[in-house]
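Q: Read off the chains here:
Protein chains: 4
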Amino acid sequence: MRVAVVGASGYTGLELLRILLRHPGFEVVAATSEQRAGRPVGEVFPSLRGRLDLRFEAAAPAALAGRIDLAFTALPHAASAASVKVLRLAGVTVVDLSADFRLRDLATYAKWYAEHPAPELLPEAVYGLPEVYRERLRGAALVASPGCYPTGTLLPLLPLLRAGLVETRGIHVDAKSGVSGAGRKLDDAYLFAEQDGNCMAYKPGYAHRHAPEIEQEAAAAAGGEVRISFVPHLLPTTRGIASCVFVRPRAGAELPRARAALDDAYRDEPFVRVLPEGETPTLQSVRATNFCDVALAADERNDTWILLSTLDNLGKGASGQAVQCANLVAGFDETTGLLEVAPNP
Amino acid sequence: MRVAVVGASGYTGLELLRILLRHPGFEVVAATSEQRAGRPVGEVFPSLRGRLDLRFEAAAPAALAGRIDLAFTALPHAASAASVKVLRLAGVTVVDLSADFRLRDLATYAKWYAEHPAPELLPEAVYGLPEVYRERLRGAALVASPGCYPTGTLLPLLPLLRAGLVETRGIHVDAKSGVSGAGRKLDDAYLFAEQDGNCMAYKPGYAHRHAPEIEQEAAAAAGGEVRISFVPHLLPTTRGIASCVFVRPRAGAELPRARAALDDAYRDEPFVRVLPEGETPTLQSVRATNFCDVALAADERNDTWILLSTLDNLGKGASGQAVQCANLVAGFDETTGLLEVAPNP
Amino acid sequence: MRVAVVGASGYTGLELLRILLRHPGFEVVAATSEQRAGRPVGEVFPSLRGRLDLRFEAAAPAALAGRIDLAFTALPHAASAASVKVLRLAGVTVVDLSADFRLRDLATYAKWYAEHPAPELLPEAVYGLPEVYRERLRGAALVASPGCYPTGTLLPLLPLLRAGLVETRGIHVDAKSGVSGAGRKLDDAYLFAEQDGNCMAYKPGYAHRHAPEIEQEAAAAAGGEVRISFVPHLLPTTRGIASCVFVRPRAGAELPRARAALDDAYRDEPFVRVLPEGETPTLQSVRATNFCDVALAADERNDTWILLSTLDNLGKGASGQAVQCANLVAGFDETTGLLEVAPNP
Amino acid sequence: MRVAVVGASGYTGLELLRILLRHPGFEVVAATSEQRAGRPVGEVFPSLRGRLDLRFEAAAPAALAGRIDLAFTALPHAASAASVKVLRLAGVTVVDLSADFRLRDLATYAKWYAEHPAPELLPEAVYGLPEVYRERLRGAALVASPGCYPTGTLLPLLPLLRAGLVETRGIHVDAKSGVSGAGRKLDDAYLFAEQDGNCMAYKPGYAHRHAPEIEQEAAAAAGGEVRISFVPHLLPTTRGIASCVFVRPRAGAELPRARAALDDAYRDEPFVRVLPEGETPTLQSVRATNFCDVALAADERNDTWILLSTLDNLGKGASGQAVQCANLVAGFDETTGLLEVAPNP
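Chains as they are written, first to last, in our numbering: chain E, 8 to 352; chain R, 8 to 352; chain V, 8 to 352; chain Y, 8 to 352.
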């Protein structure tokens, strides 16, 4: 199957190339980058030297249409939707890694991002969390690959909401992300010297663009409004998100039922690993992979359950998950190209 | 004033030496280390070469007694209390950096640590948080220097509890510590290759030894039982603790009153800096210093206020704070030797 | 083909497991570890959870013999040779990652390591640098997988020595290694807090055990004695070796011939990438891979040529290279399981 | 003494502020930054909050003249010289941290930097290496504070050149710098995600601007031309330079004489610490300080001596050294404000 990576010189684009190179079913026939158009991929990114014999092309979705079966779009929001529109009109299947098709409510999208450039496509978009929407993803024409923070928060939380075991208000999330989560953005704040050994919260409360996305999917699982306070942090590392979710059990809900809900949800999932009682997930175990490790702890004295998860923001939090969705869309085994183990150490 | 650092080859001991070398009022006349006894300090720790002309001595508190006016004890728990006992009998003033005199309840101490080796000294011990116990610290004979996590959690939280603005149950703390918090402990888990780029929660809920210490002081401020779930994490850096405390406002409590409570509590404090609205504290701003930066944010939709703080676990979280207490004990200006600015970057 | 990893809980052992899991031709049927015997691999190393359904076994080479076709031995020196002896007697093909069969001269081995436990096996051992010994490796019974530093120094240096373009005395090497090069060794020096942000030379001159190994292979290429001063450093990262080799051109030797020698040597090599003039290799481009990137620069004013290389000390510097050798031994395509691209960033 | 920091928002400017705040003899009365003019220093750089009650001013050297006795100029090259010119005309003493007054030869400056904006000032400029030019620095009107790499290479090398113990050709330097050496430069290459865990050589040979500066001072010590090949590297940390200098002893020169030359040169120096035989310097021991640690090793088999040094590129490599010079200029004890010990760990 011929695929293109549109916006291939950003961090999620590069990670897509890296994964697709080990995928037996997808052949990368085009990689676009306006800024680097014309230059060999392996010259710009020496990690790819000798492994991918392509030149970056300027982004022209229409021109790609005849050459590919599926496109991964990894452009900034709004720009992505514009490209997706052209590709979809030409009949190309799209897995979009931007935020453009994640929020189902147009007003919410407008409030947090911009006027939507292609609202007519929203109805066909499927939220690309295979653990929730697997059946709808099979054969979908447009996949909205989830945000990195939402994936890390939702995977441990959804089974408990779905089972009605926890209060839907007063949920508190503290999430810590590697600096690559900001993309290759030229900003003082992301210079090495500013984040080396540093750690800081930013946009605490309900101020980060991933917050409404988290609440949308949480509400879908709970069958009603959910309120989540979300405090993202920057970690002094490149890859990975560690999430800590504090929830309160509903009256009568017992811890073993929560454990069972998690175990039942993920027993057969290839990429979500529920850790045994007493263990806690680490970034190191999921780095550069498509795994999400999940654990449950409790402080019964304080009516509090604690959900922990780790994933790689560029892996299960972005490009890995996008390929997982593409496997479903294309009818490949869902794990194809994605079972790589984390470098340890 | 002649001082000794008892247990000087651990990380808090070394940080004490570093601070005391710039202090005009304290002269370090002895540094003990069983393991390194006899060797010149500057040979063992090259950062001190040329700056401290002492040899490590074997730990013999009784022998120190006649030579010093004040001792900083930085030994493992229980071992510390045993040394403190000897020193106090000899009339030496002690600032103890272990956990031995922090918990006022013997049974709690026994449950989390061990049988207490010197319970008779507990009544004279003052908890070394100058922002709370300043007057009692002036002239105290025995100071129990607080834990690093408790300092980071309590400084932002106490003013709100004291003012009765927040619920005393359902408090959630996510704290992230640099690896030096574990001390110079030879354990697989603390090898460079295991924590480089890693991040992980450990002992989540109410399982870390600092949890009862936090609740003790929170309860003292609130005037009644407080319940706090505490999730510590390891960060891939050496120094610093970033804390995020989720609290729920009491009915009728308004955010401006919370801001005022923080501002009032710390306006005249030399080492606690309350950040302007909209800013968040960073580790980089407090690294290698005695400062604690504090901020307040809110998610009113979810009845949640968010307290953020950063400090250096070896600075305001341990050795800096111990010297601040010693300044009070000895009658020096409280800031002596402690106003150093963080290296930035 | 059934393989065992003997000494599977060290860093090179784990990396072998990681690589072998993506290898279609080798099936890991045993992983030994005395210390962790009996425990499931995925419980001890959560990165392997769900990917390898084995328990660690106590090391008993004789018991392995009937169950496997090939063994990777990754034990400390001397211990490794003892195991290799048993395995070879039982007819098992061995790729040994220790230093035991790298030095062809017994006295040199004795001087730098210990009395050799199995000198009778030395004649059949082939030094596992495929770029030099490819033909001898095909079908070899015992492979001595090279040290990490030697691989990084030799790959850029050998073509110039072989072509007689550089002086064989006065060669200067500055090599910088990630901390995982020390293995999972419990020593103060390798604690996170000691190496975070640190950098230091150690054993400078001709004092590191890899120095005689480098000279042995350099001499073989030059056809006579070579003198190399070697200064290894620790880098504040986990993986990777960056090497800088200063050589002096022989009278009449010209830079283009040196470039040609490198290009000719590696044009068809799958894992050595000679960079275009003006570029310098980075650790990031080879991390977690089997690639070695190589560059040549010059300071003609000072009769000095500069060879630069980067590789992953656990990849091309150890486990990757061992699998590359095993592929040759077993008759698989040499690149099988080894073409993975570095995570970037 | 009233001082200004001109260009105070770069990394060397900030480090100057940090050091000057602990200096009893210098009072910072102005800090300039075009980009941040008007904003309180402590708002822009939270590490300075509560410690420095100033606003950044737009750079207008003429307007500073009447208000200050001494200026530290920390602007980009050429821009710095232009400011220095105005300040000197107004009779202000200047310690310049740019490269503008380091090279004594105008043609060399023009080749590596630009046309010189103030060549008439070169004769009064003194190269600010106190270990070499101490007497000329006392009362100097214009100090050219040395580059970070030159300081690290020259301090171990000069005594051997001065004593005529080593060959003056064929010197090889491998230097490794923290990323802050690039300043707060907005460039892809200095993003956190690009340098985290990375290491790479750049501008190898005789291509870095510090190379001619090194040769100039080496030649002055040797009393004739010296040839040095210089290979700078980026380290995955913020602060520090570790240098490795390979030299060849002259016929008849013996190692003990080299040791004696180093010991004699630095026995009474407050900031250069010659390590005992067998030890190697670390970045950690000098981080955030004005110390430079130096060691000598040898590989006699290969006629090679190895000089090692570490310093903090923002400390002894820039701002610390500038204050050391200012102390000499102003007649303060040379160590004032500079004896701070490195945080360890």
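One or more hints might be untrue.
With a Cα cut of at most 27 Å, we get these calculated DSSO-like pairs of lysine-lysine [claimed, not checked]:
# : chain 1 : residue 1 : chain 2 : residue 2
1 : R       : K210      : V       : K210
2 : Y       : K118      : E       : K192
3 : Y       : K92       : Y       : K118
4 : E       : K192      : Y       : K192
5 : V       : K92       : R       : K192
Example chain V residues on the side facing chain R (calculated, C-beta under 8 Å, incomplete) [as the list claims (entries may be wrong)]:
#  : residue
6  : M8
7  : S187
8  : Y197
9  : Q202
10 : Y209
11 : T244
The set of hints was computed from the structure by calculation and includes no laboratory data. Ideal placement from N, C-alpha and C gives every residue a C-beta, glycine not left out.
Q: Compare the structure with each hint and give your call.
A: Going down the list of hints, with the structure as the test:
As the CA atoms of R:K210 and V:K210 are separated by approximately 40 Å, the hinted pair breaks the 27 Å bound. Proximity of Y:K118 to E:K192 is assessed by CA-CA distance (about 34 Å); at most 27 Å being required, the pair is judged violated. Distance hint between Y:K92 and Y:K118 is fulfilled; the C-alpha atoms sit about 21 Å from each other, no more than 27 Å. Pair hint E:K192 plus Y:K192 holds up; C-alpha atoms about 13 Å apart against a cutoff of 27 Å.
For a cut-off of 27 Å, the pair hint linking V:K92 to R:K192 is broken: about 38 Å separates their Cα positions. With its C-beta approaching chain R no nearer than about 30 Å, V:M8 sits outside the 8 Å limit, and its interface hint is violated. Because the smallest distance between the Cβ of V:S187 and any Cβ of chain R comes to about 5 Å, under 8 Å, the interface hint for this residue holds. Proximity of V:Y197 to chain R holds as hinted, the smallest CB-CB distance being about 5 Å (cut-off 8 Å).
With 8 Å as the threshold, the beta carbon of V:Q202 comes within range of chain R, its nearest partner Cβ sitting at about 4 Å, so the hint holds. Evaluation of the V:Y209 hint against chain R yields a violated restraint, the C-beta minimum of about 13 Å exceeding 8 Å. Because the closest C-beta pair between V:T244 and chain R is about 7 Å apart, less than 8 Å, the hint holds.
Hints 1, 2, 5, 6, 10 from the list above are not met by this structure, while the remaining hints are.
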